[in-house]
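Those protein sequence lines, which keep their order, are chains A and B. Take the first sequence: its position 22, counting from 1, is numbered 69 in this note's numbering, and each next residue is one higher. Take the second sequence: its position 28, counting from 1, is numbered 41 in this note's numbering, and each next residue is one higher.
Watch out, some of these pointers could steer you wrong.
[Stated by the list, open to error] Chain B regions said to be covered by chain A (calculated; three or more residues, Cβ under 8 angstroms): (1) 58-66; (2) 99-108; (3) 113-120.
[As the list claims (entries may be wrong)] Straight-line alpha carbon distances no greater than 25 angstroms define the calculated PhoX-like cross-link-like pairs of lysine-lysine that follow: (4) LYS104/A / LYS58/A; (5) LYS111/B / LYS70/B; (6) LYS28/B / LYS55/B; (7) LYS84/B / LYS71/B; (8) LYS104/A / LYS107/B; (9) LYS58/A / LYS18/B; (10) LYS55/B / LYS84/B; (11) LYS81/B / LYS107/B; (12) LYS71/B / LYS28/B; (13) LYS104/A / LYS111/B; (14) LYS70/B / LYS81/B; (15) LYS118/A / LYS111/B; (16) LYS18/B / LYS104/A; (17) LYS18/B / LYS70/B; (18) LYS55/B / LYS18/B.
These are computed hints drawn from the structure, not numbers from a lab. We put the beta carbon where it would ideally sit given N, CA and C, even for glycine.
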Amino acid sequence: DTGVSQDPRHKITKRGQNVTFRCDPISEHNRLYWYRQTLGQGPEFLTYFQNEAQLEKSRLLSDRFSAERPKGSFSTLEIQRTEQGDSAMYLCASSSTRYEQYFGPGTRLTVT
Amino acid sequence: QQQVKQSPQSLIVQKGGISIINCAYENTAFDYFPWYQQFPGKGPALLIAIRPDVSEKKEGRFTISFNKSAKQFSLHIMDSQPGDSATYFCAALKGNEKLTFGTGTRLTIIP
Numbered sequence: 048d049t050g051v052s053q054d055p056r057h058k059i060t061k062r063g064q065n066v067t068f069r070c071d072p073i074s075e076h077n078r079l080y081w082y083r084q085t086l087g088q089g090p091e092f093l094t095y096f097q098n099e100a101q102l103e104k105s106r107l108l109s110d111r112f113s114a115e116r117p118k119g120s121f122s123t124l125e126i127q128r129t130e131q132g133d134s135a136m137y138l139c140a141s142s143s144t145r146y147e148q149y150f151g152p153g154t155r156l157t158v159t
Numbered sequence: 014q015q016q017v018k019q020s021p022q023s024l025i026v027q028k029g030g031i032s033i034i035n036c037a038y039e040n041t042a043f044d045y046f047p048w049y050q051q052f053p054g055k056g057p058a059l060l061i062a063i064r065p066d067v068s069e070k071k072e073g074r075f076t077i078s079f080n081k082s083a084k085q086f087s088l089h090i091m092d093s094q095p096g097d098s099a100t101y102f103c104a105a106l107k108g109n110e111k112l113t114f115g116t117g118t119r120l121t122i123i124p
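Could you build the full structure based on these sequences and the hints that come with them?
Here it is in structure tokens:
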């Protein structure tokens, strides 16, 4: 399968713990995006990388959130000191142009 | 401020009928308008997209109609099938490469 992959698919954590998600984009896609989707809503943009450079961050991305794409390939999204409001589906997308963004299956985070 | 408004919230269509979902946007800087299909527990899948210099785009049973002056666009699904039952999101893109999504339409196709 050559699509966007995300790991883990599901994560249950206790409030206050740190979690890290991984995204592997489609091979040779230089653009990588993170979105968050809560139940019954459309995805909301979090951040965007072109190669290893993080070019845009949403105000939704508080200081507890950090994203990296160290070698311009896979990316990680870390949430520190998780809160119940962080419970959501975290989606990764990749693209080779500014237009067609292809999404992965998402990581479902539940904070108890 | 919701920049992309989508309606209806839910839609029930008989098999073989036409499903129509509408979206309206506010920001004229948007220059690319994709539609995504999402099944439960899955990520959104790109279905079809249009740019504002075109008034209509058709791919198989899926058609986007675009009205630049009214700042509206719609998705038409012809000959709707039970396998089309999913949530559909319209979206809009501008220069900063951030997709802004509508709130989604849950489509159910009944036999």
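### Query
Holds or violated: the stretch 113-120 of chain B covered by chain A, criterion of 3 or more residues with Cβ-Cβ distance under 8 angstroms?
Result for this restraint: holds, n = 5.
### Query
Given the hinted pair LYS104/A and LYS107/B, is their alpha-carbon gap at most 25 angstroms?
holds (15 angstroms)
### Message
Need the status of pair LYS71/B, LYS28/B: alpha-carbon distance at most 25 angstroms?
### Response
holds (20 angstroms)
### Message
Just to be careful, I want the Cα atoms of LYS70/B and LYS81/B compared with a cutoff of 25 angstroms; is the pair within it?
### Response
holds (14 angstroms)
### Given pair status - LYS58/A, LYS104/A, alpha carbons within 25 angstroms
holds (24 angstroms)
### Query
Taking only the CA atoms, is the gap from LYS18/B to LYS104/A under or equal to 25 angstroms?
holds (23 angstroms)
### Query
Between LYS104/A and LYS111/B, does the CA-CA distance stay at or below 25 angstroms?
holds (10 angstroms)
### Query
Taking 8 angstroms as the C-beta cutoff, is the stated coverage of the stretch 58-66 of chain B by chain A satisfied by three or more residues?
Satisfied; 3 residues make the cut.
### Message
For a C-alpha distance cap of 25 angstroms, please report whether LYS55/B and LYS84/B respect it.
### Response
violated (30 angstroms)
### Task
Below or equal to 25 angstroms on CA atoms is what counts here, so check LYS55/B against LYS18/B.
Between LYS55/B and LYS18/B the Cα gap is close to 23 angstroms, so the pair holds against 25 angstroms.
### Query
Do the alpha carbons of LYS111/B and LYS70/B lie within 25 angstroms of each other, as the hint requires?
Roughly 23 angstroms between the alpha carbons, so the hint for LYS111/B and LYS70/B holds.
### Task
Mind taking a look at whether chain A covers the stretch 99-108 of chain B? Criterion is 3 or more residues with CB to CB distance under 8 angstroms.
holds (count 3)
Checked against the numbered hints given earlier, this structure breaks hints 9 and 10; the rest are met.
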